[in-house]
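Asker: Quick mapping for you: the protein sequence lines, in order, are chains A and B. Under my numbering, the letters of the first sequence match residues 5 to 218, in that order. Under my numbering, the letters of the second sequence match residues 144 to 353, in that order.
For the record, the hints were derived by calculation from the structure and aren't laboratory data. Heads up, some of the hints might be wrong.
[To be verified] Listed below are several chain A residues computed to face chain B (Cβ distance under 7 Å; list not exhaustive):
{"id": "1", "residue": "Lys61"}
{"id": "2", "residue": "Leu63"}
{"id": "3", "residue": "Ile70"}
{"id": "4", "residue": "Asp107"}
[Said to hold, decoys possible] Distance ranges between label pairs, derived from CB positions:
{"id": "5", "chain 1": "A", "residue 1": "Thr75", "chain 2": "B", "residue 2": "Gly274", "range": "51 to 59 Å"}
{"id": "6", "chain 1": "A", "residue 1": "Ser118", "chain 2": "B", "residue 2": "Asn178", "range": "52 to 60 Å"}
{"id": "7", "chain 1": "B", "residue 1": "Ser186", "chain 2": "A", "residue 2": "Lys209", "range": "53 to 61 Å"}
{"id": "8", "chain 1": "A", "residue 1": "Pro211", "chain 2": "B", "residue 2": "Gln328", "range": "56 to 64 Å"}
{"id": "9", "chain 1": "B", "residue 1": "Trp237", "chain 2": "A", "residue 2": "Asp109", "range": "35 to 43 Å"}
{"id": "10", "chain 1": "B", "residue 1": "Asn178", "chain 2": "A", "residue 2": "Gln117", "range": "52 to 60 Å"}
{"id": "11", "chain 1": "A", "residue 1": "Gln69", "chain 2": "B", "residue 2": "Ser248", "range": "39 to 47 Å"}
{"id": "12", "chain 1": "B", "residue 1": "Gly343", "chain 2": "A", "residue 2": "His113", "range": "15 to 23 Å"}
{"id": "13", "chain 1": "B", "residue 1": "Ser186", "chain 2": "A", "residue 2": "Ser32", "range": "53 to 61 Å"}
{"id": "14", "chain 1": "B", "residue 1": "Pro179", "chain 2": "A", "residue 2": "Gln117", "range": "51 to 59 Å"}
Note that the coordinates shown come from a computational prediction; the quantities given were computed from them, not determined experimentally. C-beta atoms are modelled at their ideal positions from N, C-alpha and C, and glycine is treated no differently.
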Amino acid sequence: MNKIGLSFIFAFSALLQFPSLGQVKPLSAADAEMVKKSISDAAKSTVSLEAGFIQTKELSVIREQIISKGTFYLKKTRLLRWEYTDPFAYLIIFNNDRIYIKDEDKENHINIQSNKVFREVNNILLGAVQGTLLLDTKNFQCSIFDQHDQFRALLVPVNQKLKETISEITLFFNKSDYTVEKLVMREASGDYTRIEFMSKKINLKIPDEKFAIP
Amino acid sequence: MKSLRFLSFILLLFAVSCSPVKTSRLTEVKYDERNPEWESPFSKDFDKAMFKVTLDVKGKHLSGIALIKKTSDTSFHFSFANEIGMTYFDFELWKDNYRSDYVFSPLNKRAFLKILQHDFRLLLFTGSFNGKPTHYRDPLTLDDIYFYSGAHLFAYLGKENRKLTRLAGWSNLVDAALIGLEYNQGDFPSGISIINPRIGMLLELNLLGR
Chain A
5 MNKIGLSFIF AFSALLQFPS LGQVKPLSAA DAEMVKKSIS DAAKSTVSLE AGFIQTKELS
65 VIREQIISKG TFYLKKTRLL RWEYTDPFAY LIIFNNDRIY IKDEDKENHI NIQSNKVFRE
125 VNNILLGAVQ GTLLLDTKNF QCSIFDQHDQ FRALLVPVNQ KLKETISEIT LFFNKSDYTV
185 EKLVMREASG DYTRIEFMSK KINLKIPDEK FAIP
Chain B
144 MKSLRFLSFI LLLFAVSCSP VKTSRLTEVK YDERNPEWES PFSKDFDKAM FKVTLDVKGK
204 HLSGIALIKK TSDTSFHFSF ANEIGMTYFD FELWKDNYRS DYVFSPLNKR AFLKILQHDF
264 RLLLFTGSFN GKPTHYRDPL TLDDIYFYSG AHLFAYLGKE NRKLTRLAGW SNLVDAALIG
324 LEYNQGDFPS GISIINPRIG MLLELNLLGR
């Protein structure tokens with residue numbers, strides 16, 4: 005038997021031994037509603053969240069990756085801090101309608117209402133982490149899948165403007181606490197950005213100064 | 144990073160004061176029969192490089208990470224995305240061709256993209272193969288400056304290290320383009336600034352890794 009044949013048999017038997025790798029089941033409408041409610045309830049009881057993250061930007065055409073790392077802070081209701089530490093220091097604070105960016109020694113203040121890109125990014129990030137994106141039927145069509153130890157929510161934009169930038173967003177929720185573990189944002193270009201959250205600290209006190217805009 | 148800003152500032156002063164290079168301020172080196180050999184730092188054994196990027200154009204400020212990758216002997220790919228990962232530009236460039244894979248819609252302006260293509264061609268596909276140059280010397284810095292009339296290109300070579308430190312040319316018939324290159328160590332630039340004074344564009348690339 006040639007090498008290709010052997011590789012195929014090996015891959016197939018591996019799938020049989022690890023059924024979870026091959027099984028992604030779409031949930032029925034009733035089950036999907038229950039999962040959405042559980043995610044929404046978990047988000048409601050989350051007052052604050054702190055987590056490390058690894059962001060991987062996949063450049064589809066040239067098959068390259070750009071990897072960034074940092075810490076993420078969220079505090080109810082609309083306070084968000086993204087602190088990138090690698091490959092360089094870069095800070096974004098979303099404080100209600102204001103955005104503050106610190107890029108090395110350069111500081112920038114942006115009003116969210118006047119900047120469409122940041123408004124969309126803010127809505128997506130907050131909505132993803134707080135689970136509200138799943139309920140946003142005006143902008144997304146949502147399907148939920150059962151995938152091993154996670155629920156996978158696939159969000160496809162229905163809004164034409166949003167479609168021009170984002171083709172789909174996939175959120176992976178932990179089955180035990182319904183918090184988001186991973187976000188994959190696929191762009192119209194074919195590129196995608198994967199953000200994986202780790203070392204999550206839920207409802208620990210985060211001082212307001214973390215979100216203060218100078 | 145601060146020195147790259149200084150370099151950009153110097154280039155900008157230089158650019159707004161004149162056409163790309165005012166040869167009346169330079170000393171022509173006559174009877175120089177040597178044809179200096181130099182080439183873009185992106186030629187030869189270049190594979191790919193990642194940069195921290197800021198782009199200022201017409202009052203808009205964009206920042207993020209860019210990757211320049213050599214995709215064949217005759218082509219480069221340029222991808223530029225913001226820090227959160229959303230793509231601004233994604234294009235493939237040949238010496239006489241261009242393919243856009245994606246451009247963020249607010250930046251998708253034909254004239255601007257043309258200028259960007261020309262500027263990157265000036266940076267990526269340049270070298271002493273442009274013919275026999277006229278040799279000048281800057282009386283202040285003693286840098287050697289070579290003017291290739293056929294390519295409308297000025298190339299500055301450092302007095303001591305003979306590294307390419309500046310390129311001046313035209314993006315099109317009316318738009319001057321100025322490229323500054325600075326080196327911390329090695330032969331590959333740690334910082335590159337591209338200035339297009341007429342459209343008020345300043346693109347700064349700071350090397351993150353290769």
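Asker: With reference to the structure, classify each hint as holding or not holding.
Answerer: Hint-by-hint comparison with the structure:
no. : hint                            : verdict
1   : Lys61                           : 4 Å, holds
2   : Leu63                           : 5 Å, holds
3   : Ile70                           : 5 Å, holds
4   : Asp107                          : 6 Å, holds
5   : A/Thr75 / B/Gly274: 51 to 59 Å  : 54 Å, holds
6   : A/Ser118 / B/Asn178: 52 to 60 Å : 54 Å, holds
7   : B/Ser186 / A/Lys209: 53 to 61 Å : 56 Å, holds
8   : A/Pro211 / B/Gln328: 56 to 64 Å : 41 Å, violated
9   : B/Trp237 / A/Asp109: 35 to 43 Å : 38 Å, holds
10  : B/Asn178 / A/Gln117: 52 to 60 Å : 59 Å, holds
11  : A/Gln69 / B/Ser248: 39 to 47 Å  : 25 Å, violated
12  : B/Gly343 / A/His113: 15 to 23 Å : 21 Å, holds
13  : B/Ser186 / A/Ser32: 53 to 61 Å  : 59 Å, holds
14  : B/Pro179 / A/Gln117: 51 to 59 Å : 55 Å, holds
Checked against the numbered hints given earlier, the structure breaks hints 8 and 11 and satisfies all the rest.
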